[in-house]
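Participant: Next come the chains, spelled out residue by residue.
There are 4 protein chains.
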Amino acid sequence: MIENKFPGKDITSEDLKTKFPLCNKKNKNHKTVINIDGLKIGANKNIVLFAGPNMVESYKLMTSVSKELLKNKLIFVRGGAFKPLTFPYRSKHYYETREKGLEFLAYIRKKYKCKIITEIMESKYLDKIGDIVDIIQIGARNMQNYPFLIDVAKTNKPIMLKRHFGASLRDLLGAAEYILNEGNKNLMLCERGIVAPHTHSAVSRYLLDITAIVALKEITHLPVISDPSHACFNSRWVKSLSLASTAAGADGIMIEIHPDPKNAKVDNLQTLNYKQFRDLLKSLKKIAKTLNKNVI
Amino acid sequence: MIENKFPGKDITSEDLKTKFPLCNKKNKNHKTVINIDGLKIGANKNIVLFAGPNMVESYKLMTSVSKELLKNKLIFVRGGAFKPLTFPYRSKHYYETREKGLEFLAYIRKKYKCKIITEIMESKYLDKIGDIVDIIQIGARNMQNYPFLIDVAKTNKPIMLKRHFGASLRDLLGAAEYILNEGNKNLMLCERGIVAPHTHSAVSRYLLDITAIVALKEITHLPVISDPSHACFNSRWVKSLSLASTAAGADGIMIEIHPDPKNAKVDNLQTLNYKQFRDLLKSLKKIAKTLNKNVI
Amino acid sequence: MIENKFPGKDITSEDLKTKFPLCNKKNKNHKTVINIDGLKIGANKNIVLFAGPNMVESYKLMTSVSKELLKNKLIFVRGGAFKPLTFPYRSKHYYETREKGLEFLAYIRKKYKCKIITEIMESKYLDKIGDIVDIIQIGARNMQNYPFLIDVAKTNKPIMLKRHFGASLRDLLGAAEYILNEGNKNLMLCERGIVAPHTHSAVSRYLLDITAIVALKEITHLPVISDPSHACFNSRWVKSLSLASTAAGADGIMIEIHPDPKNAKVDNLQTLNYKQFRDLLKSLKKIAKTLNKNVI
Amino acid sequence: MIENKFPGKDITSEDLKTKFPLCNKKNKNHKTVINIDGLKIGANKNIVLFAGPNMVESYKLMTSVSKELLKNKLIFVRGGAFKPLTFPYRSKHYYETREKGLEFLAYIRKKYKCKIITEIMESKYLDKIGDIVDIIQIGARNMQNYPFLIDVAKTNKPIMLKRHFGASLRDLLGAAEYILNEGNKNLMLCERGIVAPHTHSAVSRYLLDITAIVALKEITHLPVISDPSHACFNSRWVKSLSLASTAAGADGIMIEIHPDPKNAKVDNLQTLNYKQFRDLLKSLKKIAKTLNKNVI
Numbered sequence: 018m019i020e021n022k023f024p025g026k027d028i029t030s031e032d033l034k035t036k037f038p039l040c041n042k043k044n045k046n047h048k049t050v051i052n053i054d055g056l057k058i059g060a061n062k063n064i065v066l067f068a069g070p071n072m073v074e075s076y077k078l079m080t081s082v083s084k085e086l087l088k089n090k091l092i093f094v095r096g097g098a099f100k101p102l103t104f105p106y107r108s109k110h111y112y113e114t115r116e117k118g119l120e121f122l123a124y125i126r127k128k129y130k131c132k133i134i135t136e137i138m139e140s141k142y143l144d145k146i147g148d149i150v151d152i153i154q155i156g157a158r159n160m161q162n163y164p165f166l167i168d169v170a171k172t173n174k175p176i177m178l179k180r181h182f183g184a185s186l187r188d189l190l191g192a193a194e195y196i197l198n199e200g201n202k203n204l205m206l207c208e209r210g211i212v213a214p215h216t217h218s219a220v221s222r223y224l225l226d227i228t229a230i231v232a233l234k235e236i237t238h239l240p241v242i243s244d245p246s247h248a249c250f251n252s253r254w255v256k257s258l259s260l261a262s263t264a265a266g267a268d269g270i271m272i273e274i275h276p277d278p279k280n281a282k283v284d285n286l287q288t289l290n291y292k293q294f295r296d297l298l299k300s301l302k303k304i305a306k307t308l309n310k311n312v313i
Numbered sequence: 018m019i020e021n022k023f024p025g026k027d028i029t030s031e032d033l034k035t036k037f038p039l040c041n042k043k044n045k046n047h048k049t050v051i052n053i054d055g056l057k058i059g060a061n062k063n064i065v066l067f068a069g070p071n072m073v074e075s076y077k078l079m080t081s082v083s084k085e086l087l088k089n090k091l092i093f094v095r096g097g098a099f100k101p102l103t104f105p106y107r108s109k110h111y112y113e114t115r116e117k118g119l120e121f122l123a124y125i126r127k128k129y130k131c132k133i134i135t136e137i138m139e140s141k142y143l144d145k146i147g148d149i150v151d152i153i154q155i156g157a158r159n160m161q162n163y164p165f166l167i168d169v170a171k172t173n174k175p176i177m178l179k180r181h182f183g184a185s186l187r188d189l190l191g192a193a194e195y196i197l198n199e200g201n202k203n204l205m206l207c208e209r210g211i212v213a214p215h216t217h218s219a220v221s222r223y224l225l226d227i228t229a230i231v232a233l234k235e236i237t238h239l240p241v242i243s244d245p246s247h248a249c250f251n252s253r254w255v256k257s258l259s260l261a262s263t264a265a266g267a268d269g270i271m272i273e274i275h276p277d278p279k280n281a282k283v284d285n286l287q288t289l290n291y292k293q294f295r296d297l298l299k300s301l302k303k304i305a306k307t308l309n310k311n312v313i
Numbered sequence: 018m019i020e021n022k023f024p025g026k027d028i029t030s031e032d033l034k035t036k037f038p039l040c041n042k043k044n045k046n047h048k049t050v051i052n053i054d055g056l057k058i059g060a061n062k063n064i065v066l067f068a069g070p071n072m073v074e075s076y077k078l079m080t081s082v083s084k085e086l087l088k089n090k091l092i093f094v095r096g097g098a099f100k101p102l103t104f105p106y107r108s109k110h111y112y113e114t115r116e117k118g119l120e121f122l123a124y125i126r127k128k129y130k131c132k133i134i135t136e137i138m139e140s141k142y143l144d145k146i147g148d149i150v151d152i153i154q155i156g157a158r159n160m161q162n163y164p165f166l167i168d169v170a171k172t173n174k175p176i177m178l179k180r181h182f183g184a185s186l187r188d189l190l191g192a193a194e195y196i197l198n199e200g201n202k203n204l205m206l207c208e209r210g211i212v213a214p215h216t217h218s219a220v221s222r223y224l225l226d227i228t229a230i231v232a233l234k235e236i237t238h239l240p241v242i243s244d245p246s247h248a249c250f251n252s253r254w255v256k257s258l259s260l261a262s263t264a265a266g267a268d269g270i271m272i273e274i275h276p277d278p279k280n281a282k283v284d285n286l287q288t289l290n291y292k293q294f295r296d297l298l299k300s301l302k303k304i305a306k307t308l309n310k311n312v313i
Numbered sequence: 018m019i020e021n022k023f024p025g026k027d028i029t030s031e032d033l034k035t036k037f038p039l040c041n042k043k044n045k046n047h048k049t050v051i052n053i054d055g056l057k058i059g060a061n062k063n064i065v066l067f068a069g070p071n072m073v074e075s076y077k078l079m080t081s082v083s084k085e086l087l088k089n090k091l092i093f094v095r096g097g098a099f100k101p102l103t104f105p106y107r108s109k110h111y112y113e114t115r116e117k118g119l120e121f122l123a124y125i126r127k128k129y130k131c132k133i134i135t136e137i138m139e140s141k142y143l144d145k146i147g148d149i150v151d152i153i154q155i156g157a158r159n160m161q162n163y164p165f166l167i168d169v170a171k172t173n174k175p176i177m178l179k180r181h182f183g184a185s186l187r188d189l190l191g192a193a194e195y196i197l198n199e200g201n202k203n204l205m206l207c208e209r210g211i212v213a214p215h216t217h218s219a220v221s222r223y224l225l226d227i228t229a230i231v232a233l234k235e236i237t238h239l240p241v242i243s244d245p246s247h248a249c250f251n252s253r254w255v256k257s258l259s260l261a262s263t264a265a266g267a268d269g270i271m272i273e274i275h276p277d278p279k280n281a282k283v284d285n286l287q288t289l290n291y292k293q294f295r296d297l298l299k300s301l302k303k304i305a306k307t308l309n310k311n312v313i
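Protein chains in written order, with this note's numbering: chain H, 18 to 313; chain W, 18 to 313; chain P, 18 to 313; chain C, 18 to 313.
Derived from the structure by calculation, the hints contain no laboratory data.
Errors might be hidden in some of the hints.
Just a few of them, taken from the derived set where beta-carbon distance is under 8 Å, the chain P residues facing chain H [said to hold, decoys possible]:
id: 1; residue: Val212
id: 2; residue: Ala213
id: 3; residue: Pro214
id: 4; residue: His215
Restricting the straight-line Cα-Cα distance to at most 20 Å, the calculated cross-link-like pairs of lysine to any residue (SDA-like) are [said to hold, decoys possible]:
id: 5; chain 1: P; residue 1: Lys42; chain 2: C; residue 2: Pro105
id: 6; chain 1: W; residue 1: Lys141; chain 2: H; residue 2: Leu143
id: 7; chain 1: H; residue 1: Lys302; chain 2: C; residue 2: Lys310
id: 8; chain 1: W; residue 1: Lys302; chain 2: P; residue 2: Asn309
id: 9; chain 1: W; residue 1: Lys48; chain 2: W; residue 2: Ser30
id: 10; chain 1: W; residue 1: Lys117; chain 2: W; residue 2: Lys141
id: 11; chain 1: P; residue 1: Lys84; chain 2: P; residue 2: Asp296
id: 12; chain 1: W; residue 1: Lys141; chain 2: H; residue 2: Asp144
id: 13; chain 1: H; residue 1: Lys141; chain 2: H; residue 2: Asn173
id: 14; chain 1: W; residue 1: Lys299; chain 2: P; residue 2: Lys303
id: 15; chain 1: W; residue 1: Lys292; chain 2: P; residue 2: Lys84
id: 16; chain 1: P; residue 1: Lys302; chain 2: P; residue 2: Ala60
id: 17; chain 1: W; residue 1: Lys306; chain 2: P; residue 2: Thr307
id: 18; chain 1: C; residue 1: Lys141; chain 2: P; residue 2: Asp296
id: 19; chain 1: H; residue 1: Lys306; chain 2: C; residue 2: Lys306
id: 20; chain 1: H; residue 1: Lys174; chain 2: H; residue 2: Arg253
id: 21; chain 1: P; residue 1: Lys84; chain 2: P; residue 2: Lys45
id: 22; chain 1: P; residue 1: Lys34; chain 2: P; residue 2: Lys57
id: 23; chain 1: W; residue 1: Lys62; chain 2: P; residue 2: Thr307
id: 24; chain 1: H; residue 1: Lys302; chain 2: H; residue 2: Leu143
id: 25; chain 1: W; residue 1: Lys299; chain 2: W; residue 2: Glu85
id: 26; chain 1: C; residue 1: Lys77; chain 2: C; residue 2: Lys117
id: 27; chain 1: C; residue 1: Lys302; chain 2: H; residue 2: Leu308
id: 28; chain 1: H; residue 1: Lys100; chain 2: W; residue 2: Lys292
id: 29; chain 1: P; residue 1: Lys302; chain 2: P; residue 2: Ile313
Glycine residues also receive a C-beta, built at the ideal position from the N, C-alpha and C atoms.
Same shape as in the complex, but just chain H:
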């Protein structure tokens, strides 16, 4: 009487075959490895660390961040030139450098040989970023913008797809299938916090769903990245959540760093300064070592 058979949010064994034919894990050792000039993401041996400012503000900032990463033998730089704005009105908190920002990224990529991961939000920019971006980030708000997913997939660039804060794993993996179905196999997923009761408080902005990391590593062969900075919006907690994500099995961590977070143009609350960054890195390497992994 009361049972429905609606298309639910559960993932059944049957779904794995019919709904997730491309992202599901065929056997225990089935893992996608994304090779970026010899740097392997998703490999059993590596934890990738994407670090950088929320917004690529200037040549000066990006030079500072690049040098800091290189000093620590890291090479992947994250940084946004475009930023989805909840409101159409620009303010101090909703500052974007846009095309100018892409130039800053191109500069450090050329000068310091950094590898760049950055969010692209519109198809029209996709043909302008060939020499600028190594990994295209699809933001949470675009996770279900399927025509856009297809356009990004067609670039054949490596992609990081972020989970929408309201999306189930079923929704996320369905979006992943759109990308894989275009023949682009260089896909990684990113957990960045979900809406949940009690998150909208002093405690945290979203709730980092670390169980999802464990579940995704079991269900799919794709690398899984954790973004604790955007989940908790609290620089004091980024280290602990990064270590926890790594211990849970994440293939990488994306964090925000800035030489002077208090004066960062956006999202300064969750951004680490260099001292905090090095402290995190030191602990991250220790955890990685217990898992027989290296931080790259």
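Given the coordinates of chain H, assemble chains W, P and C onto it according to the supplied hints.
Facilitator: Chains W, P and C alone, transformed into the frame defined by chain H:
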């Protein structure tokens, strides 16, 4: 020590001025009325009823639905030609008529003078629908696809913007500002269910947030529509939730009807047959009357 | 591979027989009616209105409230003598009259023949309330305090069991079975808001789960009451949510009223003054009439 | 206009003084250490591991578990004699040994010198457990049963208070204050999963709120334990979530083990066999070492 001041999901009085300058209610009687050939949505006197099949399957189906509505002195037809698919793989459950479907809608609009509300998912279709669509529906998954919102706004067509199932009211109203900021004032909002604990069960698919209807009517001057069909995915509950939404202050209801729901191509679980539809309409008119409103 | 068969929160047809043998509805017309001196709760013909202050502060307050209800031909008085306190520290906001409060209730029950519904939180008070209380309210926090449920059931008094804000319907109905299993059939359920994303904001404290009212009326024969005051904590919204609950099928409404809410000792934000109360009652009667029901 | 000042779920600096005077951290190094015969819980140097079956089924089972733990140089045994049952009907899944179970615990405590942590659900058992129990566990469902909290506190035994799956940290810490306010300082908290969207699926039963562990370690001086077994209900994920909790800063882990989980009387889905247990322990020790901690 533990307090953060991140951009939260709360809506403060200050936000009303700086973040929601266009959608916030300036005084108690400030209400947007959308006039579609003399039919007024958002007017104190009317409850608008959008009814029709989930998918516009054929001329035959749309003729049947149009006649059923006209027989009941209703004129607004809902029906999807495009449908966001969680997975890229077509199946019985994920059937779309696309351009062909737009023809079916054009046909009943011309023949029966029906008013059409339908979802458009890509900007490229916007210049093809001038003679087909009276109200453009922006689906939940596109709520935060801001470039698309702007493109839709520029058509100057009336718009119904659906709340994403993971979005706060702050997120929803921010998206509304994008549309209003383009000068398109004919905007209505739609609550269609949110993710919440205990919804993913026999009980319902999403949780229809009727409190949000009450809140939106207080905060904003925009008309608010309720879509109980997609929220609960359960045809037995659509009537009660429609009545509840109306009693809570909704300016309209969007439901799915079909002459033979069991054989509907998609989403047949939440679809009402004509008998159930007339029963709902009868009760809806009674509730509307207590509120001094007419069902249009 | 990924499927588990844990005892979930779903309610299956099988569960109805084995887990909910006493509360499940045996046929469409199977309804429990609770008869309190001829006043029938759960009867198709009635909406019961429980109104009164959050805390029974004084003889004066309870006299005022009783007179206001009688003037409006109502007789059921709600009012707390005991109040679960989130913290052990008493303050203006966490004021209890306890045994003294029970005396105030006994007084109006005798003098004005009011019917009393009040929360009891400890078994030791159960044998002191025979002449004071007509309906024992079990609060949300005690919903899963099973030994206490059994003790209350044994009094053979009518009971209103409130849903915990984190409980599924399965949890709630399991608790109901504890009471019914003791042979006490005079049980009604109460929805009073659940934890959900986006509730912890200006918008509302908990989210009133009106879909749960619809679901419970389908699954169970027990009367279902709605408590919008505690859900939204916002006096401006209590009317709309009361009407919505009634339209959804609730058998009754529990609200907080006070002659001077600003000076109420507790929970003054959601409390209606008498003018607001009469306005709500007027509209409630109209909605009730469309459902062929009377407000008692 | 739209702002309310209801008693929210936020924790403000002011709250720390007035609502959480006993549990809040007075300075960075302020930490409660619970000393059980020289074994220190909450000490910077230790991770405590509570392991054992869900239900203490027999002498034989408890002997087996005790020997397994001792073999691994562990001494804390968890095991339930009482188990809160969602329904009043006993079945294979809802089996309790009750007083008999307490005897099994007393036996291994005497014979193997194990330290016992077990849930007590009613005050009447509190004076019978002096020689049986080292730590009294208060279950999630009793978290807000304040009279019971006070009774347990008065035993002066060490206590582990579990967070209700619907409770905010504010609710949890309020409950902690009830215990501390009775003068019992030997209190630890336990995170065991919360209700959240998308948890009621193949993915997991509750969502282990690892962010809460980080938050609690910042706000309070009390030791924090993580119970991944009850959160995820999935033995394959217990190891990863245990490591993640430890990396996040938990002072201990509570897990379920059984020599033959398939034949465990209750909750066999989340229970580890001895091989899985040793594998978890090996990894846990490695993570602990990176944090300069020992597993006890």
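Participant: Would you mind marking each hint as holding or not holding in the structure?
Facilitator: Verification of the hints:
Hint on Val212(P) holds. Least Cβ distance to chain H is approximately 4 Å, under the 8 Å limit. Because the smallest distance between the Cβ of Ala213(P) and any Cβ of chain H comes to about 6 Å, under 8 Å, the interface hint for this residue holds. The criterion of a C-beta within 8 Å of any C-beta in chain H is met by Pro214(P), whose closest approach is roughly 4 Å, and the hint holds. Restraint check, His215(P) versus chain H: the minimum CB separation of about 7 Å is within 8 Å; hint holds.
Taking the CA atoms of Lys42(P) and Pro105(C), the gap is about 18 Å. The hint holds against a cut of 20 Å. About 18 Å separates the Cα atoms of Lys141(W) and Leu143(H), which keeps this hinted pair within 20 Å; it holds. With a CA separation close to 17 Å, the supplied pair Lys302(H) and Lys310(C) stays within the 20 Å bound. The suggested pairing of Lys302(W) with Asn309(P) holds, with an alpha-carbon distance near 14 Å, which does not exceed 20 Å.
Taking the CA atoms of Lys48(W) and Ser30(W), the gap is about 19 Å. The hint holds against a cut of 20 Å. The straight-line distance between the Cα atoms of Lys117(W) and Lys141(W) is roughly 16 Å, inside the 20 Å bound, and the hint therefore holds. In summary, the hint linking Lys84(P) to Asp296(P) is supported, as the alpha carbons are separated by about 17 Å, within the 20 Å threshold. Only pairs whose Cα atoms come within 20 Å are accepted, and Lys141(W) paired with Asp144(H) is accepted, the gap being roughly 19 Å.
Between the alpha carbons of Lys141(H) and Asn173(H) the distance comes to roughly 16 Å, so the proposed pair stays at or under 20 Å and holds. For the hint pairing Lys299(W) with Lys303(P), the CA-to-CA distance comes to about 16 Å; that is within 20 Å, so the pair holds. Between Lys292(W) and Lys84(P), the direct Cα distance comes to roughly 47 Å. Violation of the 20 Å bound is thereby established for this hinted pair. Distance check on the hinted pair: Lys302(P) and Ala60(P) sit about 16 Å apart at the alpha-carbon level, within 20 Å; holds.
Note on Lys306(W) and Thr307(P): the hinted pairing holds, with a Cα-Cα distance of about 9 Å set against a maximum of 20 Å. Between the alpha carbons of Lys141(C) and Asp296(P) the distance comes to roughly 50 Å, so the proposed pair goes past 20 Å and is violated. Between Lys306(H) and Lys306(C), the direct Cα distance comes to roughly 11 Å. Compliance with the 20 Å bound is thereby established for this hinted pair. Between the alpha carbons of Lys174(H) and Arg253(H) the distance comes to roughly 34 Å, so the proposed pair goes past 20 Å and is violated.
Taken as a hint, the Lys84(P) and Lys45(P) pair is broken in the structure, with Cα atoms around 39 Å apart against an allowance of 20 Å. Between Lys34(P) and Lys57(P) the CA atoms are separated by roughly 28 Å; this puts the pair beyond 20 Å, and the hint is violated. A hinted pair counts as satisfied when its Cα atoms are at most 20 Å apart, and Lys62(W) with Thr307(P) qualifies at roughly 18 Å. Restraint check for Lys302(H) and Leu143(H): the C-alpha separation of about 35 Å exceeds 20 Å, so the hint is violated.
For the given pair, Lys299(W) sits about 14 Å from Glu85(W) by alpha-carbon distance, which is consistent with the 20 Å threshold. Between the alpha carbons of Lys77(C) and Lys117(C) the distance comes to roughly 13 Å, so the proposed pair stays at or under 20 Å and holds. For the hint linking Lys302(C) to Leu308(H), the alpha-carbon distance of about 12 Å falls within 20 Å, and the restraint holds. For the proposed pair Lys100(H) and Lys292(W), the alpha carbon gap of about 49 Å is over 20 Å, so the pair is violated.
The straight-line distance between the Cα atoms of Lys302(P) and Ile313(P) is roughly 10 Å, inside the 20 Å bound, and the hint therefore holds.
In summary, the numbered hints that this structure violates are 15, 18, 20, 21, 22, 24, 28.
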